[in-house]
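Each chain is listed here by its residues.
There are 2 protein chains.
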Amino acid sequence: MAITIGVFDSGFGGLTVLRELLPLIPGAHYIYLGDTARLPYGSKSQTTIARYAAESARFLESQGASHLVIACNTASALAMDEIRDAVAIPVTGVIEPVVEAAQKRHPDADVLVLATPATVQSHAYQLHCAGHGLRATEKACPLLVPLVEEGWVGHSITRQVLRIYLREALATCAPKAVLLGCTHYPLIAPAIQDTLRELGSHAEVIDSARATAAAIERAIHLTHPPSTGPTTFQCYATDSVEKFARLGSQFLNQPIPTVELLDLGG
Amino acid sequence: MAITIGVFDSGFGGLTVLRELLPLIPGAHYIYLGDTARLPYGSKSQTTIARYAAESARFLESQGASHLVIACNTASALAMDEIRDAVAIPVTGVIEPVVEAAQKRHPDADVLVLATPATVQSHAYQLHCAGHGLRATEKACPLLVPLVEEGWVGHSITRQVLRIYLREALATCAPKAVLLGCTHYPLIAPAIQDTLRELGSHAEVIDSARATAAAIERAIHLTHPPSTGPTTFQCYATDSVEKFARLGSQFLNQPIPTVELLDLGG
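Protein chains in written order, with this note's numbering: chain E, 1293 to 1558; chain V, 1293 to 1558.
Hints were generated in silico from the structure; no laboratory data involved.
As the structure is a prediction and not an experimental result, all values here were calculated from the model.
Some hints could be false.
Which copy is meant is left open, because identical chains are indistinguishable; a pair holds if it fits in one copy or across any two.
[As the list claims (entries may be wrong)] Below are the DMTMM-like pairs computed for lysine to aspartate or glutamate, each with C-alpha atoms no more than 25 Å apart in a straight line: (1) Lys1431 x Glu1490; (2) Lys1431 x Asp1486; (3) Lys1431 x Glu1441; (4) Lys1535 x Glu1460.
Just chain E, with the same shape it has in the complex (with noise of 0.2 Å):
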């Protein structure tokens, strides 16, 4: 039988974290759960996130998910002991995969954290890049996700905000990498890129859902062998699945055929 990796998100971030899976683990079979009528977590104490994340993983395993994945920052940083007591299957956020994967590559490096203002605000990527022997200086971008959004992924109205937030960084560090700290990010990481490069710095880019999905495929392929069945997924949105298809395929990179409406109550 395939393996079921359940995928949540408070939106359709996350599924940048679908997107690298699909390709890495093939013959799986994924649901991915985008919580979009209680979005935005970030300006939500950490009892309700906790909660609401709890609830959305619970979900996830009675569907039939051996493995978890967490693909939400501020879930990640506020309810991973609240969420991994709340199911018996294995979890994986999505802040540990980038903060390994840099410090692996740089390691006692001073790194830059590009995020969203209540990510920031949590110092989560602080806390684990110190852990890592890391030092990190966080950097709140809160028009990223808006311009993301709007479509506007190569866009030269993105690439000048970007030259703005990466230069404002800049003058107070000097990174080896930067870690993208939001799963809408990885769609801007070549922009991001080249504005470092335009900008003097030789920081590399370390994308966010890449080290996740690569941390996952880690730790299933020691206990799974590969599959040769089809790769098939599955979304559920708690709001709007009609938003959730437009807006979702381009973040996961193909049309998202059908969405299912979820109640998971206010």
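Position chain V against the provided structure of chain E, taking the given hints into account.
Then chain V, alone, in the frame of chain E:
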């Protein structure tokens, strides 16, 4: 005794309405409630929005408000009946006043409404405009709220984004008036007016905050003599009072010395 006016919004935006009210109705006491823990309303169901707005309205009435201003486009579009049922005091929304102001100055005209995607999707402005003999084109401007919240009110990036949105809109209509269908937009009203001129349009920007404040003033003037006492205000927020005081002062254009945290439940 001074008249007490309650002003409600899901966030900070409604402070642009309070900013217009303060000099227009001096000697009054204002109570502002920003339901920041539960924003954005735009992505929630009509039932949920109506319940949240009714709770907030009841709170403001319980604090002694004798007039209520719904300075929130989503609630004004979707929950006016439920709010009026919830309280015994007169209630003024933010849509009717700006549409009436446009109709008075440009009867039977084509108008352009700039708003958030959620407000555009509700077509509340189109409906109200049609009821006043105006033909409305609605244009969703998803980046304007994030740009205003970033504080980039006079920034060249904001100008460029306005140029893109307005050029797209003016390709489909030739409006006599441009209605600001979001309480964040009054902060960039001068930039919108300039950009329209740059693009060869003679349309007049109708400021929703100013139009709403003027409508309240007319209503209160009928029953209350002008007061010569001090003008005072008190702010409540349902999340992060620090963020409210910091961001809100930009919208109010004056410091907000104290913000009280209010728990309206999940």
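Against the structure, the hints:
Taking the closest pair of Cα atoms, Lys1431 and Glu1490 come within 25 Å of each other only inside a single copy of the chain (19 Å); across copies the shortest separation is 35 Å, beyond that limit. For the identical chains of this complex, Lys1431 and Asp1486 are intra-copy neighbours only, at 18 Å inside a copy versus 33 Å across copies, given an alpha-carbon limit of 25 Å. Taking the shortest Cα distances, Lys1431 and Glu1441 sit within 25 Å of each other both inside one copy (20 Å) and across copies (16 Å). Proximity of Lys1535 and Glu1460 under a CA criterion of 25 Å is satisfied inter-copy only: 21 Å between copies versus 34 Å inside one chain copy.
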